[in-house]
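2 protein chains.
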Amino acid sequence: MFSPPVERLITELSKLPGIGRRTAQRLAFHILRVPEDEGLALAEAIREVKEKIGFCEVCFNLTDQPVCKICADERRDKGLICVVEEPGDIIPVERTHEFDGLYHVLGGALSPIDGVEPEDLKIAELLRRADDPAVREVVLATNPTTTGEATALYIGDALAKRRPELTVTRPASGLPVGADLEYTDEVTLGRALQGRRVIG
Amino acid sequence: MFSPPVERLITELSKLPGIGRRTAQRLAFHILRVPEDEGLALAEAIREVKEKIGFCEVCFNLTDQPVCKICADERRDKGLICVVEEPGDIIPVERTHEFDGLYHVLGGALSPIDGVEPEDLKIAELLRRADDPAVREVVLATNPTTTGEATALYIGDALAKRRPELTVTRPASGLPVGADLEYTDEVTLGRALQGRRVIG
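So the protein lines, in turn, are chains A and B. Per the working numbering, residue 3 is the first one in the first sequence, and the count goes up by one each step. Per the working numbering, residue 3 is the first one in the second sequence, and the count goes up by one each step.
Calculated from the structure, these hints are not laboratory results. There's no promise every hint is true.
It does not matter which identical chain is used: a pair holds within one copy or between any two.
Claimed, not checked - Computed cross-link-like contacts, EDC-like style, restricted to lysine to aspartate or glutamate with a CA-CA straight-line distance of at most 16 Å: (1) 163 x 187; (2) 54 x 38; (3) 17 x 40; (4) 124 x 59; (5) 163 x 102; (6) 17 x 75.
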């Protein structure tokens with residue numbers, strides 16, 4: 003349809019997740035329209051991450067070293083592993099200052115409909131890490147979504163079979179701070195009630 | 003948050019239209035995850051279009067020459083200009099084999115909410131082209147959407163002021179071939195009735 007270079011760009015863009023052919027075409031026209039340096043800045047940014055950034059060989063967090071800063075930090079509790087879906091999920095957990103263990107990045111969540119099976123995630127690697135008797139607890143901090151819950155259940159079962167004495171936890175589900183009961187969906191409120199705690 | 007190369011990629015990706023910070027982050031993680039050659043293929047495709055492909059200096063269609071193939075084609079009717087929003091809109095018009103004139107690509111549609119003003123589109127260039135007395139008709143084939151209609155109205159007014167004798171048309175709105183009246187929205191059906199034609 004278009005000239006070969008334009009077709010090639012549309013094809014490459016449509017390989018990105020959630021980008022169909024029409025969106026890819028729109029993005030390609032945008033890239034064609036912006037000033038030369040802006041288009042090349044994107045190309046250069048892609049090239050740079052592919053050349054410099056890789057995954058931590060322990061936890062699969064993003065890093066420009068073989069092992070990421072968190073895994074290399076001697077002060078972190080090596081007996082505690084927090085499992086998250088994506089590298090970006092580490093940031094909010096770190097921000098809480100409530101967690102001083104290590105992480106394990108799965109690279110997504112189980113979703114058979116989208117073709118994401120256990121072998122597509124870093125689950126086998128997690129199970130091997132958790133075989134270390136120094137590991138006391140694994141926190142399954144996958145998202146509170148259908149796929150995140152399914153992933154947590156799957157990993158929880160696998161861990162229980164391999165090391166029945168291991169503590170496996172999941173962050174509490176409940177009302178977000180600042181929420182209004184009147185506008186809270188019943189699933190969240192139900193979880194909040196199931197997880198109710200004695201105060202005072 | 004992330005290391006500088008990853009931040010840079012997220013920033014560049016979020017400059018693309020319709021891509022917010024969260025989507026940019028998701029795309030960046032995808033690019034980080036795919037094999038090296040797939041990531042670099044995208045970078046290379048962007049670089050290639052920025053280096054090889056530009057806009058026709060007459061009609062602003064995509065081309066690897068100063069003037070595109072259609073504008074350079076001596077057999078095309080130079081008295082007839084079809085105005086479209088994007089280069090991709092030329093393809094379906096060409097496929098009809100009902101049009102043998104030239105094109106003019108605006109580069110979008112007027113949309114004050116999104117900050118798209120007349121000077122952001124190739125409207126001044128169209129008005130200058132239409133000043134040529136050899137031009138008999140301008141077909142405003144912008145999309146049958148709110149922004150496309152507004153753009154057609156705006157250009158129609160501007161053309162009427164400059165060359166009152168020029169014929170300015172718009173493709174008919176009506177029922178798509180193969181449509182079912184029962185499932186046709188009332189705006190389309192209304193347009194189809196307004197534009198009804200004597201048959202036989």
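To see whether the hints hold, each was checked on the structure:
1. 163 x 187: Neither. Shortest intra-copy (35 Å) and inter-copy (57 Å) distances fail the 16 Å Cα cut-off.
2. 54 x 38: between (24 Å within a copy, 11 Å between copies)
3. 17 x 40: between (21 Å within a copy, 9 Å between copies)
4. 124 x 59: within (11 Å within a copy, 52 Å between copies)
5. 163 x 102: neither (26 Å within a copy, 71 Å between copies)
6. 17 x 75: neither (36 Å within a copy, 35 Å between copies)
Hints 1, 5, 6, counting from the list given before, are not met by this structure.
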